[in-house]
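**Student:** First to last, the sequence lines map onto chains P and G. Per the numbering used here: the first sequence = residues 1 to 569. Per the numbering used here: the second sequence = residues 1 to 80.
Incorrect hints may have been included.
Some, not all, of what chain G presents toward chain P, calculated at C-beta under 7 Å [said to hold, decoys possible]:
| no. | residue |
| --- | --- |
| 1 | H25 |
| 2 | F52 |
| 3 | E70 |
To be clear, the hints were calculated from the coordinates, so they are not data collected in a lab. Just so we're clear, the structure is a prediction, and the values are computed from it rather than from any experiment. Every residue, glycine too, gets a C-beta built ideally from N, C-alpha and C.
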Amino acid sequence: MTDDVARRRGDGGDAAYDLVVVGGGPAGVAGALTAALAGLRVALVDSSARLGGQYFRHPAVPGRASGLERFLRLARALGERADVLPRHQVWSVSREPDGALAVHCVTPHGPSSSPHSPDSAASAGARGERPVVLRGRRLLIATGAYDRPLPFPGWDLPGVLTAGGAQALLKGNGVVAGRRVVVSGTGPFLLPVAAGLAEAGARVLGVFEANRGLGLARHPVLALGRLGEAAGYAVSLARHRVPYLTRQAVVAAHGEREVEAVTVARLDREWNVLATRVVECDTVAVGYGFVPQIELGVQLGCGTRYDVDGSPVLRVDDAQRTSVPGVWAAGEPTGVGGWRLAELEGRIAGRSVVAATRRPQAGCADPGRRPEAGRADAGFRPHAGRADADRTDFGSAAGLVSAAGSASAGGGSRVAEPSGVAGPGRGEVAAGEVAGVWVRRRARWQAFGEALQRAYPVKPGWQGWLRDDTLVCRCEEVPLARVREAQELGATDARSIKLLARPGMGWCQGRVCGYAVSCLAGEPPQPPRRPIAQPVTLGTLSALDGTLDGTLSDLDSPSHSGTPDMEDS
Amino acid sequence: MTFHITVDGRPVPVVPGQTIGAALHAAGVRSWRTTRFGGRPRGLFCGIGVCFDCLVSVNGRAPERACLAEAAPGDEVTTS
Ligand SMILES: Cc1cc2nc3c(=O)[nH]c(=O)nc-3n(C[C@H](O)[C@H](O)[C@H](O)COP(=O)(O)OP(=O)(O)OC[C@H]3O[C@@H](n4cnc5c(N)ncnc54)[C@H](O)[C@@H]3O)c2cc1C
Ligand code: FES
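The shape of chain P in the complex, shown without the other chains (with noise of 0.2 Å):
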């Protein structure tokens, strides 16, 4: 262990943080950020090399974009209070007898290891990575959320992109995607992606919208942004000529050994197929909507609740607590919105987590205990971080919404309905602990999320896209005819075709196809049940002494012995 972090943790006996965060987007950051102001001990952990996650994830010469200068501020004043350790990947969390919540984290070995990272367990796992457990009393889940893909013929030629794949390419790496790009599928998000490509140079040939959506005047990203950033998008998309064609989708991709041409079809309202032509592309980023990341919160048993999409997402209240004592969840993991609400849902949590702490009654025998709200109310004290928050900007509206006016109207909060289980139901969250600013700022953005999903929905259509012979899961290679196949046999859900034809069984869990499993098979797609959120090897998971009992047993996944990182070092 460095001395950095050995301070931090402070020493002896308990050795566990305040706070541990998994995600270093903008709501992972915010919340460690306010949590750490306050004086807690925080750690937050993220796969990838330097913190940003999918909207600020940055070369390491950071270009401009708007709000990175002010995200790249909060993640240096995190850094200098926080143990903040990149390129560790979660892949389990458990609770430990005393209720501190274990961290189970790997990271890869190496040069490119970070110089930050605890050297606990170092010699084990000898060959990829190593195992690193960070203990917390109290977890914050900000793991963000991936593009969701819908499979067509060709989808699986190199060429064929996610949209944000395009724009990590672009973002974190510097490198422009392809020269002739087509960029098609459904949502605002589109936009900025097609944007960043033709600004680098690509020649975008098309922004292809299945939806009507709400029209490039009216586009969300006007209003999801401040006014200058968001017409900053439609004024370069005007400026390189690139065509934004609404109730139009990429619905083939053709070539031999990468992609060479796309078909483009006029769609219905339902997404049938109306008219086709052929475009020749090298490139194609395509993303339909985006899929939260909530296993972790899922093995801890929170509960869920679908969004406006049909999307899983974990359940919290107004203070961003999920059903579990101690866990809390924000940014996409409950909802997608934006960045803007992910930070804040993040400050919103690291709030609630210091105010947590600071109860007497709070201890580490039962992390995040929720006192009645009267007695938070009374007990609340203004916290010193607050004037603390205020000297490094953080405090500021800056970067949130510009006009802070009151939540709109029918802006139904997407919080739970009181079931028992979740905890206080809205309303009941101490007023010390969550600014009333902030929620009502919070009402609104999630309001206009959900208005978002509304306009930019999946239609049943893109089924007839596919071919008896597309692949429906990339990893185990599993064509439609298979799928079919199942069916007929009788899976008549998306669990039993799983169990039939093996989509969803390969490396990725199906993370990938699962979206359209569940629609192929009719139903709403379910939680994901992953008992380890990332594959690891068995040397990481020998290398921990019966710390997972019975996890390996549920392990469904990925199936096949052959399978490299299942094997044994």
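We have chain P; now place chain G with the ligands onto it with these hints.
**Tutor:** For chain G with the ligands alone, kept in the frame of chain P given last:
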């Protein structure tokens, strides 16, 4: 400022901070693996560690995701 890694013995330039997957893609190498059954080519797809399409072996270690692994000078990458 750039350095090189080798991919199956062939040099590939890297701008510091890039992942192995990004460096390969930038060098025009868009697939570096074939699937078990159909022998289909695979390279980057999700770009953020979700899909496992982009696996490579670095310095003889177990396969890892090229889109997450930051390239380091001298890395020897092998593909399957
Ligand atoms: C292509 C694209 C374009 C977008 N454009 C816009 C835009 O113009 N405006 C806007 O407001 N929003 C935009 N968004 C949405 C925006 O990116 C998200 O709203 C925001 O990033 C959510 O923040 P977050 O903190 O919840 O999650 P993220 O930013 O996704 O951060 C989550 C972090 O958690 C880490 N993580 C996940 N699982 C683990 C694990 N098991 N172990 C360790 N680390 C883990 C990830 O590496 C990641 O860094 C866009 C998104 C995409 C994909
Ligand atoms: S491209 Fe999907 S995991 Fe690397």
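**Student:** Starting from the hint list further up, note which numbers the structure goes against and sort them upward.
**Tutor:** none
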